[in-house]
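Student: Sequence:
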Amino acid sequence: MERYNFKTIEKKWQKYWEENNFNKVKLDKNKKKFYCLEMFPYPSGKIHMGHVRNYTIGDVLARIKSMQGYNVLHPMGWDSFGLPAENAARENNLHPKDWTESNILTMKNQLKKMGLSLDWDREISTCSEEYYKHQQLFFIELYEKGLVYRKENYVNWDPVEQTVLANEQVIDGKGWRSGAIVERKKLNQWFFNISKFSEELLSGLDKLNNWPLKVKTMQKNWIGKSFGCEIDFKIEGDLPVSEIKCFTTRPDTLFGMSFLAVSVDHPISKYFLKNQEFIKFREECSKTGTTEESIALGEKIGFKTSLFAINPLDQKQKVPVYFANFVLMDYGFGAVFGCPAHDQRDLDFAIKYSLNITTVVRPEDEDDKFKIKKEAYTGPGIIINSNYLNGLKVPEESIIKTIEILESKKLGKKKINFRLKDWGVSRQRYWGCPIPMAYDRDGNVFPIPKNNLPVKLPDNINLNSKGNPLDGETEWKKIKINGKDLIRETDTLDTFVDSSWYFIRFCSPNSKDYGFDYEEMKYWMPVDQYIGGVEHAILHLLYSRFFTMALNYKNDKFGITEPFQGLFTQGMVCHETYKDENNKWLSPEEIDTKDNKNYFIKKDPSKKVMVGPSESMSKSKKNTIDPEKIIENYGADSVRLFMLSDSPPEKDVQWSDQGMVACYKFIQKFWILNEKIKNKLKNKEKSDKNSLEILKFTNQLINKINLNLEKFNYNVIIANIYETYNFLNKKIDQPINNEILLENYKKILAILFPIIPHFASECLKELNINHRVEWPPVNKKFLIDDELNIVIQINGKKRSIVNCKKGITEEDLMNILKDDLKIKKFIDNSKNIKRIFIKDKLLNLIIK
RNA sequence: GCCCUCGUGGUGAAAUUGGUAGACACAAAGGACUUAAAAUCCUUGCCCUUUUGGGAGUGCCAGUUCGAGUCUGGCCGAGGGCACCA
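55 is the number of the first residue of the first sequence in the numbering used here; add one for each residue after it.
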């Protein structure tokens, strides 16, 4: 018998599917649609194991849904604008476009070898003019709707990448990609008014039942809604400042106020610009904003002004006004009132500058003499030392009551604040979508007329210039609109804009005049199941939600507010890390072992290798496994099987060579089994001895798998499949009714198909069964066992298992137990106090 | 500091949602087949007992319950997110 030759067989089926348009889909209103989407890759060169896992998970689902009769949209494309192309181009003296396109070609080939059920006719690439021209039109539409604006403000400047970063791209004060310490710089930038949708973005989360809780909480925290009020504080002093507006969530602690603090960027700072001490202080603040040390220490520093603020609830109380490093200009109004007793930051500040500390809230179990020392009290309790507020319950009554009082006296207003800030989309880079705007000499803004779109990227470009390459393109920059000489915007869009609508483009990828066709979009959207890495929990997913809402804004025809109905975030693929004696990373290929404990360098076995913890595969740590080589050695089906088998898909999975080999062996074993079944079917056997058992097993299997599918328990499904093999392999040597065997084996192969499609197709072909199989239905009749095991417990401890007929009564069971030796000895010499009987499950005897 | 998630054999993990803990797989040990190896198959898997059997056991400590991996409270540990957000 021949071994299963995956090399020729996989190639054969891939060719067959392609030639027979297996994966092509069209709008078909008679069929229910299912849009299955995996996050599209950045074409960095080659696919990595993370892609293999992501796309295997998606492919299994897409194939199953298609077998279940859905019209399945399962497309793939390329997130192909971005900095790495520019860097690589500079290093290799290649054009970013050529570098990107050659990578796409390589990776597309690799994906095809995985046997994914993708409709390649829908392939899109965000760097193509065909894609970004629509994006430019969207930009102008959003501008017309008032969702895009330009403003000068402080930006996060990455000195290495020479570009602006969004707040989301700054991690621990460093650029997300370069790791360089981010600087503050004032620039004119384009912004998307994402904060306009704060409320919708937040409340929309409640309706996303098929999203992981974790992602929803992360977005919720990011949006950061807080309820409080704004208060106008009257100001006295020698400067023309009469009022300062503050936002607070704790107006009920107003009587505990002992200072007012504003940000160094607060409008009143303009009166201090000639004050050398203030300038020094401000420099100090900008330093503490970035160094990790100061964040860890959290030292509060202030600069005292000559101003005083008046407590709106007690006109007699005047408190000093400070500039303080812990007050941020871009949240609230850049000003706070300080209540040291009930806010740790305020307390630290008050202690440092010897300010009053008045306790105005006491916990329920303390009396009115309760005093704050070194720890602020922020918990619930009762208001004290606060005149007419005394006795109010914190927080249920106190906050609302105080706001009511402030509102009635016209001193303040109820206010909801969000942490979410507008999305700065300008990037000083070449390889991105040009922003379709222009300016006259006075800086007035002119959108590029729609019929002049697209604004194409110039092909010949000097990438070795400093800063933004487009800025040096003097000829390209010049433009004439309506007879006026203008200068183009030279910034390009953040690449997160590209990925904020690609899922809509997939619905009608060839639509020429507009980014999408309404009919197609309405049929396919929203994405029913979106699958990708959890690292996009905030950035990409929040932006995509915003962009969808923005397209829907002031456009009744659109009708979609949430792009992703279901979301699944898969875990990463991990591998042990290795270092040599010089602390240099080594790749798994350079390493050998004899006993699985001691590792040494293959080329030089005298050199030992230090084994580090298992971490997600990354080029920098060299702990990667090349998917192409693995597919070459074991075949696509084996890799697909391994990607699903070892861990639940939402958790990280450990790469294991042995696990990989086991999957390969499984397919080989199953091939032998298939051969045995094929031979058995040649003889006309009629024995019904095992028929019922096979029927039961198959139907229970399908039922189990259906349940596990809903919960994305793919690893359990693989275990179910191993069980199936074990079961069939035992049964095959016994007499079996051929008809029953064929009918059920066909169903089992149908279940294998979405997971290991080449193998299942080949098995079906061997048995002369049409390889276009449907997802098998469950015959509920066979889910019920008429015999079952009932657990017998004595005092809650398992003592015996009794096999008996379904539906047995307590009395009948007790009669059986009289002859059960294991139970008898417990019952005989004791008193039965109580019996707990759960029908068809368990009997618990309580004895003394 | 705040928020979220998770702790089950040597390892990756299952457990119908309160009812047989460890399915399935990897690794290990022993055995079968073989001249031998590879491949394949079988057995074992903590403690006591020769066996039938008994005991302990899901991070730790309590609690609820006839019965807890699952529920409640406290503690310990790991991972992730946010971080002067007023």
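Treat the hints loosely; a few may be bogus.
Dumping the calculated PhoX-like pairs for lysine-lysine here, alpha-carbon to alpha-carbon at most 20 Å [unchecked claim]: (1) 885 - 859; (2) 299 - 239; (3) 683 - 661; (4) 676 - 736; (5) 288 - 199; (6) 239 - 228; (7) 166 - 65; (8) 661 - 676; (9) 879 - 859; (10) 288 - 358; (11) 743 - 730; (12) 683 - 732; (13) 240 - 299; (14) 801 - 784; (15) 732 - 676; (16) 166 - 199; (17) 566 - 187; (18) 784 - 734; (19) 683 - 65; (20) 736 - 785; (21) 240 - 475.
Computed spacing ranges between beta-carbons, pair by pair [unchecked claim]: (22) 59 - 635: 42 to 52 Å; (23) 610 - 464: 34 to 44 Å; (24) 845 - 428: 53 to 63 Å; (25) 281 - 669: 54 to 64 Å.
Source of the hints: derived by calculation from the structure; they are not laboratory data.
For glycine and all other residues, C-beta sits at the position ideal for the given N, C-alpha and C.
Student: Would you mind marking each hint as holding or not holding in the structure?
Tutor: Against the structure, the hints come out as follows:
1. Between residue 885 and residue 859, the direct Cα distance comes to roughly 28 Å. Violation of the 20 Å bound is thereby established for this hinted pair.
2. Restraint check: the Cα-Cα separation between residue 299 and residue 239 comes to about 26 Å, which exceeds 20 Å; the hinted pair is violated.
3. With a C-alpha separation of about 26 Å, the suggested pairing of residue 683 with residue 661 is violated against the 20 Å cut-off.
4. Distance check on the hinted pair: residue 676 and residue 736 sit about 52 Å apart at the alpha-carbon level, beyond 20 Å; violated.
5. Using a Cα cut-off of 20 Å, the hinted pair residue 288 and residue 199 is violated, with the two alpha carbons roughly 38 Å apart.
6. Restraint check: the Cα-Cα separation between residue 239 and residue 228 comes to about 14 Å, which is no more than 20 Å; the hinted pair holds.
7. For a cut-off of 20 Å, the pair hint linking residue 166 to residue 65 stands: about 10 Å separates their Cα positions.
8. For the proposed pair residue 661 and residue 676, the alpha carbon gap of about 18 Å is at most 20 Å, so the pair holds.
9. As the CA atoms of residue 879 and residue 859 are separated by approximately 24 Å, the hinted pair breaks the 20 Å bound.
10. With a C-alpha separation of about 17 Å, the suggested pair residue 288 and residue 358 falls inside the 20 Å cut-off, and the hint holds.
11. The hinted pair formed by residue 743 and residue 730 meets the criterion: a straight-line CA distance of about 19 Å does not exceed 20 Å.
12. For the hint linking residue 683 to residue 732, the alpha-carbon distance of about 33 Å lies beyond 20 Å, and the restraint is violated.
13. Only pairs whose Cα atoms come within 20 Å are accepted, and residue 240 paired with residue 299 is rejected, the gap being roughly 24 Å.
14. For the suggested pair residue 801 and residue 784, the alpha carbons sit about 18 Å apart, so the restraint of at most 20 Å is met.
15. Taking the CA atoms of residue 732 and residue 676, the gap is near 46 Å; set against the 20 Å cutoff, the hint is violated.
16. Only pairs whose Cα atoms come within 20 Å are accepted, and residue 166 paired with residue 199 is rejected, the gap being roughly 42 Å.
17. Straight-line distance between C-alpha atoms of residue 566 and residue 187 comes to about 10 Å, which keeps the hinted pair within the 20 Å bound.
18. Taking the CA atoms of residue 784 and residue 734, the gap is about 14 Å. The hint holds against a cut of 20 Å.
19. Restraint check: the Cα-Cα separation between residue 683 and residue 65 comes to about 16 Å, which is no more than 20 Å; the hinted pair holds.
20. In summary, the hint linking residue 736 to residue 785 is supported, as the alpha carbons are separated by about 17 Å, within the 20 Å threshold.
21. Restraint check for residue 240 and residue 475: satisfied, since their Cα atoms lie roughly 17 Å apart, inside the 20 Å limit.
22. Distance hint for residue 59 and residue 635: a CB-CB separation of about 43 Å, consistent with the stated range 42 to 52 Å.
23. The hinted range of 34 to 44 Å is satisfied by residue 610 and residue 464, whose Cβ atoms lie roughly 40 Å apart.
24. Taking the beta carbon of each, residue 845 and residue 428 are about 58 Å apart, inside 53 to 63 Å as hinted.
25. Between residue 281 and residue 669 the beta carbons are some 41 Å apart, a value that contradicts the proposed interval 54 to 64 Å.
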